[in-house]
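Colleague: Single-letter residue listing:
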Amino acid sequence: MNTGDIAWILLASALVLLMTPGLALFYGGLARSKNAAATIMHSFMCMGIAGVVWVLWGYTLAFGPDVGRFIGDFSFFGLSGVSATEPGPYADNMPHQAFMIFQGMFAIITPALVTGAFAERMKFSAFVIFTILWVTIVYAPVAHWVWGGGWLGELGALDFAGGNVVHINSGVAALAAALIFGRRLGFGSEPMEPHNVPMVVLGAGLLWFGWFGFNAGSALAADGTAVNAFVVTNTAAAAGILGWVAMSWIFDSKPSVIGAASGAVAGLVAITPAAGFVGPMPSIIIGLIAGILCYLAAGLLVRLNLDDSLSVWGVHGIGGTWGALATGLFVGIGFGELAEGVARGEQVLNQVVAIVATWAWAFVVTAVILWVLKVTIGLRVSDNDEAVGLDVAEHGETAYRL
Amino acid sequence: MNTGDIAWILLASALVLLMTPGLALFYGGLARSKNAAATIMHSFMCMGIAGVVWVLWGYTLAFGPDVGRFIGDFSFFGLSGVSATEPGPYADNMPHQAFMIFQGMFAIITPALVTGAFAERMKFSAFVIFTILWVTIVYAPVAHWVWGGGWLGELGALDFAGGNVVHINSGVAALAAALIFGRRLGFGSEPMEPHNVPMVVLGAGLLWFGWFGFNAGSALAADGTAVNAFVVTNTAAAAGILGWVAMSWIFDSKPSVIGAASGAVAGLVAITPAAGFVGPMPSIIIGLIAGILCYLAAGLLVRLNLDDSLSVWGVHGIGGTWGALATGLFVGIGFGELAEGVARGEQVLNQVVAIVATWAWAFVVTAVILWVLKVTIGLRVSDNDEAVGLDVAEHGETAYRL
Amino acid sequence: MNTGDIAWILLASALVLLMTPGLALFYGGLARSKNAAATIMHSFMCMGIAGVVWVLWGYTLAFGPDVGRFIGDFSFFGLSGVSATEPGPYADNMPHQAFMIFQGMFAIITPALVTGAFAERMKFSAFVIFTILWVTIVYAPVAHWVWGGGWLGELGALDFAGGNVVHINSGVAALAAALIFGRRLGFGSEPMEPHNVPMVVLGAGLLWFGWFGFNAGSALAADGTAVNAFVVTNTAAAAGILGWVAMSWIFDSKPSVIGAASGAVAGLVAITPAAGFVGPMPSIIIGLIAGILCYLAAGLLVRLNLDDSLSVWGVHGIGGTWGALATGLFVGIGFGELAEGVARGEQVLNQVVAIVATWAWAFVVTAVILWVLKVTIGLRVSDNDEAVGLDVAEHGETAYRL
Amino acid sequence: MKKIEAIIRPERVNHVKDALVDAGFSGLTTTQVTGRGAQRGIVHTGRSGQSITIDMLPKVKLEMVVTNEHLDQAISVIVKAARTGEIGDGKIFVQPVEQVIRVRTGEEGEAAV
Amino acid sequence: MKKIEAIIRPERVNHVKDALVDAGFSGLTTTQVTGRGAQRGIVHTGRSGQSITIDMLPKVKLEMVVTNEHLDQAISVIVKAARTGEIGDGKIFVQPVEQVIRVRTGEEGEAAV
Amino acid sequence: MKKIEAIIRPERVNHVKDALVDAGFSGLTTTQVTGRGAQRGIVHTGRSGQSITIDMLPKVKLEMVVTNEHLDQAISVIVKAARTGEIGDGKIFVQPVEQVIRVRTGEEGEAAV
Ligand SMILES: Nc1ncnc2c1ncn2[C@@H]1O[C@H](COP(=O)(O)OP(=O)(O)O)[C@@H](O)[C@H]1O
Ligand SMILES: Nc1ncnc2c1ncn2[C@@H]1O[C@H](COP(=O)(O)OP(=O)(O)O)[C@@H](O)[C@H]1O
Ligand SMILES: Nc1ncnc2c1ncn2[C@@H]1O[C@H](COP(=O)(O)OP(=O)(O)O)[C@@H](O)[C@H]1O
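Protein chains in written order, with the working numbering: chain A, 61 to 462; chain B, 61 to 462; chain C, 61 to 462; chain D, 5 to 117; chain E, 5 to 117; chain F, 5 to 117.
Derived from the structure by calculation, the hints contain no laboratory data. Errors might be hidden in some of the hints.
As the list claims (entries may be wrong) - If you anchor each label on the Cβ, the simulated ranges turn out as follows:
no.	chain 1	residue 1	chain 2	residue 2	range
1	A	S442	C	I189	50 to 56 Å
2	A	V424	D	D22	36 to 42 Å
3	D	D22	E	G110	19 to 25 Å
4	A	E250	E	D26	52 to 58 Å
5	B	S313	E	N18	23 to 29 Å
6	A	E250	C	V435	43 to 49 Å
To be verified - List of simulated lysine-lysine pairs, DSBU-like, C-alpha gap at most 30 Å:
no.	chain 1	residue 1	chain 2	residue 2
7	D	K84	E	K6
8	E	K6	E	K84
9	F	K84	E	K84
10	D	K6	F	K84
11	F	K6	E	K84
12	F	K6	F	K84
Unchecked claim - One side of the interface only, derived from the structure: several residues of chain C facing chain F at Cβ under 7 Å:
no.	residue
13	G248
14	D443
15	V448
Since we're looking at a predicted model, the values are computed, not measured. All residues carry an ideal CB built from backbone N, CA and C; glycine is no exception.
The task is simple: from the sequences and hints, build the whole structure.
Modeller: Right, dumping it as structure tokens:
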């Protein structure tokens with residue numbers, strides 16, 4: 061253990077924590093004014109719910125001693141045996157709890173990402189139950205598969221900082237939610253433009269800032285891998301802006317500010333699984349293509365008449381999938397290397413297996429949770445409450461009194 | 061000295077600095093639109109005033125060589141003898157100035173916390189004088205008592221990161237202010253709802269982020285104590301959300317977004333004195349109870365018809381008191397240990413002594429300062445200026461031109 | 061290499077990156093509502109454009125092996141030979157790419173600073189081209205002169221963290237822009253007040269926070285110099301608030317909130333070149349005078365009927381010039397020392413040479429770029445688009461739908 | 005010509021606008037207002053559990069100038085689309101308009117509506 | 005029936021509303037507006053010490069439809085509560101209203117006010 | 005007396021206000037409104053490439069009470085300053101005003117305008 065690495069991981073954890081309020085603003089700004097506070101509440105509540113769930117049973121399910129390459133056991137329930145001073149099984153340069161809390165921040169933001177799919181129409185009570193269940197039976201297992209000694213890590217699928225665990229997982233859950241929730245009232249006929257562009261950009265700025273902790277922190281040490289992850293994170297985000305802005309300029313006739321913010325996020329999503337495995341030049345390509353692809357994916361869903369309110373699938377699902385694939389395509393170019401004895405084709409195949417597995421799990425289990433909630437307590441607020449807006453209807457508050 | 065600890069303390073200091081703009085937004089959003097800029101100005105001015113006062117005479121009063129266990133002498137006036145390269149008396153792993161500036165950030169935010177009590181009605185000129193005096197004769201002595209070699213530290217009262225020095229101190233000062241200022245015009249009859257909920261949540265998010273520096277930084281090293289403080293800080297904040305949101309859901313019929321933000325702050329306040337002395341499980345209890353208690357305390361004051369505009373006493377005074385008590389109740393559970401030869405009952409008693417002493421000092425000295433200002437230059441703006449709003453009346457500015 | 065220094069420089073880089081969204085808000089809040097999104101877009105696009113340009117050719121021009129003390133060669137084109145794991149020529153305690161990305165963050169914010177001069181009237185297409193050119197032929201050479209082995213560093217001119225490279229450079233470019241663009245429609249007759257004061261203060265808060273990375277990070281190590289830079293940065297910012305607020309109180313009859321935010325920035329600008337060379341007491345003087353001087357300079361330009369929309373010249377040009385001069389005047393007082401064998405007068409002269417050189421280069425080259433763009437594709441939007449506002453006219457978006 | 009001024013619930017505005025366009029009324033102007041009426045006693049609980057009766061509620065004012073012959077039809081379209089049957093549905097006021105001018109063309113009277 | 009339109013100072017709105025409810029007038033609608041009148045010459049100094057005369061000031065428009073018999077009383081209540089005696093107190097305009105309909109019930113005329 | 009209500013483009017407001025003051029009309033009140041008219045088909049493309057026709061556009065409502073004799077002059081000043089010739093220039097409505105009171109002094113009638 062050394063102070064540099066401990067300082068690094070704690071500060072990286074703080075940065076990742078900040079991403080959730082950042083996301084709250086990003087999503088809140090994209091929503092309509094009458095749902096601004098409720099949309100922000102979704103993300104903020106994830107800090108409360110997942111923050112407690114993680115230390116109680118989330119961490120042990122994801123990172124407890126392996127059971128059948130599928131899930132962790134209950135050894136670390138309530139953090140028992142997870143020391144604040146001694147290293148744990150995942151990193152010997154820092155106390156076990158430092159690793160635990162860094163991972164906990166990921167467990168907070170991932171369900172928060174999903175909330176963009178059902179923004180502006182979900183019942184708050186259903187949301188609370190959904191989030192508890194989703195962290196427990198969608199997030200924790202996938203985290204275990206990839207990083208906790210599960211089968212995907214075993215297989216050799218690469219996911220540096222959460223392309224599968226965080227982005228495909230949340231993005232595909234969003235797709236399931238879009239299907240099961242159905243469209244918002246007025247979708248496709250009424251304008252549902254972002255109500256606060258500066259708030260969206262501020263949110264994107266905080267996400268970008270926090271993402272340095274997310275990606276470079278995933279090196280779990282203040283070393284060359286962290287440096288590389290940091291550099292490619294910044295570069296891919298920059299390239300993502302250029303990609304999305306160019307698309308909006310070409311196809312929608314004007315360079316979009318919301319597009320710039322979305323493009324940065326798309327670039328950041330795509331570089332996430334690759335950050336420790338590729339160098340700066342591939343990161344430009346990864347970010348640029350992410351900006352283009354996510355723009356197209358978000359539009360595709362709308363043309364399919366599916367209402368993923370804040371384009372979570374387009375940005376995180378497709379961006380994450382592209383990133384996971386690109387990790388296989390570019391690993392070793394400029395940084396890192398293919399695992400000994402693994403050909404590139406084989407690596408790409410491993411990536412595809414991981415992608416398919418995550419898509420399937422996230423889609424099916426999320427759908428089941430939502431379907432059960434739908435037939436029991438119900439998922440959506442009443443039509444009248446939806447027209448009034450969730451801020452007043454669900455929280456008795458008004459976002460702005462200017 | 062080592063680079064890890066220096067990097068850690070400097071970045072922790074930066075995080076704590078950011079709490080003050082965070083507080084500016086938190087308070088600014090809770091205020092009414094016509095007082096938004098003025099409320100923000102209060103916090104921001106504390107960065108200016110306390111930032112300069114601290115390096116000139118604040119640090120030496122709080123941390124200069126001890127005089128009678130009560131106050132520091134003038135040895136470090138103007139930072140003379142406080143080296144930027146050599147360690148000082150309080151930490152031998154970092155330059156003396158690093159410790160000094162970390163402490164300085166606490167001296168900035170504490171008076172800023174107080175401003176919530178007299179928001180929307182204080183005269184700016186009186187505020188400037190009040191802040192200079194308060195940092196000097198309320199903050200600096202209490203900091204000395206607890207951390208600078210004073211009698212409370214000597215006694216063995218535990219205050220890891222400022223439950224007494226920062227939170228009880230500011231919260232009880234707020235109570236004195238509420239009494240001496242009197243109510244805002246229209247208090248109890250006109251609605252005085254928060255004018256900007258997203259701003260409040262953003263503020264709470266920045267506070268949470270900065271609090272990692274506040275609490276984990278107080279370990280003064282990137283070590284296991286810092287890791288523990290970091291983990292319990294996050295967990296208590298999460299539990300605080302759950303506590304306050306549950307209360308608002310039960311008693312006010314709807315889960316409040318402002319309540320979620322307030323609950324997080326309540327949890328953070330309560331864990332502050334305990335962060336280096338208790339483990340994650342007690343931190344859930346501490347945070348949860350803080351959310352419940354502070355909700356009740358804020359309501360109590362209103363029922364007593366006292367106008368502590370932004371509930372500083374309810375959140376910081378009561379949250380800080382609960383935290384100081386809880387530190388005695390839970391010390392050693394999950395982390396840390398009771399001091400050698402000190403029974404738990406004795407420790408709780410020490411905590412009570414520290415609580416009572418801080419309440420008394422903060423209340424009496426704040427009341428005296430305010431009373432003197434009241435009878436000399438006056439504390440409140442005119443009724444007409446209060447009706448117009450402080451933004452225009454005191455600063456000639458309008459927060460928004462949308 | 062050691063983990064503490066690597067953690068330090070990466071986190072400092074993250075902090076500096078955050079300054080650009082901070083600046084986006086600072087500038088966005090100062091603009092009128094109808095140009096808020098477009099103003100924010102300028103800064104955010106700099107993250108995209110300069111973020112990519114820097115890794116491709118910016119870094120090598122600024123920090124590649126020296127050519128005639130004037131510019132770097134193309135050795136590091138596309139970061140070839142810039143290792144993520146091994147140290148480079150500028151710092152042996154961290155990987156070369158860590159130094160590169162820290163510098164890259166400066167290359168992002170500097171053109172973003174310039175955008176305040178032509179806010180509310182520049183054509184977006186012209187802005188994109190301008191930014192690419194400006195980073196390449198204005199920023200990179202000056203960075204080389206001072207830090208990359210160029211003639212100003214050789215001469216012995218002191219610029220710790222970018223007084224010349226960042227602030228004089230951008231501030232004087234702003235002056236050239238103000239002259240070439242001409243005034244906004246209605247300048248001097250219509251009110252053009254800031255549309256969102258809380259956003260301005262939030263921006264200033266994020267800038268302040270990020271500036272710790274900017275200045276203390278420039279020590280390139282977590283050492284005593286970093287500690288000193290951190291302390292004087294905070295102190296000068298605090299003093300800057302006091303200076304500007306006092307001026308607005310005296311001359312405009314009310315203490316201005318926008319003035320407090322501007323004063324903090326003025327103090328931060330002025331301390332930038334001096335941060336590693338002077339101690340806390342001089343930093344109070346430097347900050348205080350910066351607050352006063354920049355207030356006067358911003359007013360002067362208006363009286364000269366020049367429209368530097370958001371006072372970039374007044375704050376960064378004049379603040380940077382004062383700081384560069386003050387570095388010579390105060391070097392060694394409280395921290396650091398005059399270079400061996402250099403008299404103070406000589407040092408001041410060196411500072412003046414650096415100031416004049418930077419003024420000249422920034423002014424002339426910026427003017428040439430803008431003039432070429434003016435006579436080719438045009439710099440300004442049509443009068444009607446300017447009246448409608450750039451948000452709708454250039455981006456098809458509306459900042460707020462409340 | 006007459007000016008119809010309808011103070012309605014914000015959540016019914018889209019219905020009303022759609023109903024109007026279906027009935028052939030495209031020109032209209034809306035304003036965000038706050039109103040007090042018979043609808044009372046919305047007791048709000050603040051951050052500190054403080055209960056206050058908020059009597060001013062957000063409403064939308066819809067203004068529409070129509071020719072005399074279309075007046076009744078327009079009113080009945082609005083009433084139908086805006087009604088929920090609960091207190092707070094709002095009011096419609098009709099006022100005389102003496103002159104209408106289209107800025108673009110300078111046309112006056114019914115041609116300008 | 006008549007519509008009273010009063011343009012008043014924002015800081016007097018609460019007084020006026022309270023005074024009206026005390027006098028038995030509960031229904032009213034308010035709008036945030038900006039106005040220019042005799043009140044002039046508020047010289048504002050910007051960030052850069054730039055002095056500009058801001059002639060448009062924030063005001064509140066209060067609209068209230070009353071029966072003819074209550075008109076004078078309502079006006080005098082408003083005038084009393086809104087007056088500070090300084091320039092900028094505002095104006096009251098009275099206009100005829102031909103029809104009033106309560107959306108909820110369809111009631112018309114005085115019953116609907 | 006008459007009330008002129010002009011719904012105009014936001015970007016023309018300053019022109020119109022200046023033109024009015026030059027013509028001797030200083031008193032006026034403006035409100036931010038949104039309007040629908042002949043101006044249609046502004047197709048907006050959202051974040052996700054979703055195209056929606058936005059039919060409600062931001063406008064400014066300018067209200068001005070003038071004496072009968074000044075009515076025509078005021079209208080022509082507004083029309084001239086507000087016109088761009090493109091669809092969406094807006095409308096002017098004229099309504100009767102029966103009474104005008106200056107709150108500050110209690111003055112009534114033309115003296116109060
Ligand atoms: N006399 C009035 N003058 C002006 N506006 C009124 C008047 N009465 C009601 N309103 C407006 O109509 C809205 C709805 O009226 P309210 O009395 O609550 O509903 P209802 O007509 O269903 O009883 C109010 O919020 C207010 O804006
Ligand atoms: N002729 C008018 N038409 C419409 N609104 C007016 C007119 N004159 C004044 N107002 C409104 O009344 C407000 C106050 O008027 P002002 O002349 O400043 O006050 P006073 O009546 O006390 O002299 C103005 O800001 C404007 O909104
Ligand atoms: N019949 C009407 N009643 C009320 N407002 C109207 C009416 N017709 C138009 N308006 C207002 O005038 C604005 C401009 O009208 P529009 O028809 O688009 O322009 P033009 O008159 O140039 O054809 C609209 O946005 C709307 O606010």
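Colleague: Does each hint hold? Answer for all of them.
Modeller: Each hint, compared with the structure:
{"no.": "1", "hint": "A:S442 / C:I189: 50 to 56 Å", "verdict": "holds, 52 Å"}
{"no.": "2", "hint": "A:V424 / D:D22: 36 to 42 Å", "verdict": "holds, 39 Å"}
{"no.": "3", "hint": "D:D22 / E:G110: 19 to 25 Å", "verdict": "holds, 21 Å"}
{"no.": "4", "hint": "A:E250 / E:D26: 52 to 58 Å", "verdict": "violated, 42 Å"}
{"no.": "5", "hint": "B:S313 / E:N18: 23 to 29 Å", "verdict": "holds, 27 Å"}
{"no.": "6", "hint": "A:E250 / C:V435: 43 to 49 Å", "verdict": "holds, 45 Å"}
{"no.": "7", "hint": "D:K84 / E:K6", "verdict": "holds, 25 Å"}
{"no.": "8", "hint": "E:K6 / E:K84", "verdict": "holds, 19 Å"}
{"no.": "9", "hint": "F:K84 / E:K84", "verdict": "violated, 39 Å"}
{"no.": "10", "hint": "D:K6 / F:K84", "verdict": "holds, 25 Å"}
{"no.": "11", "hint": "F:K6 / E:K84", "verdict": "holds, 25 Å"}
{"no.": "12", "hint": "F:K6 / F:K84", "verdict": "holds, 19 Å"}
{"no.": "13", "hint": "G248", "verdict": "violated, 13 Å"}
{"no.": "14", "hint": "D443", "verdict": "violated, 10 Å"}
{"no.": "15", "hint": "V448", "verdict": "holds, 5 Å"}
The structure fails to meet hints 4, 9, 13, 14 from the earlier list, while all remaining hints are met.
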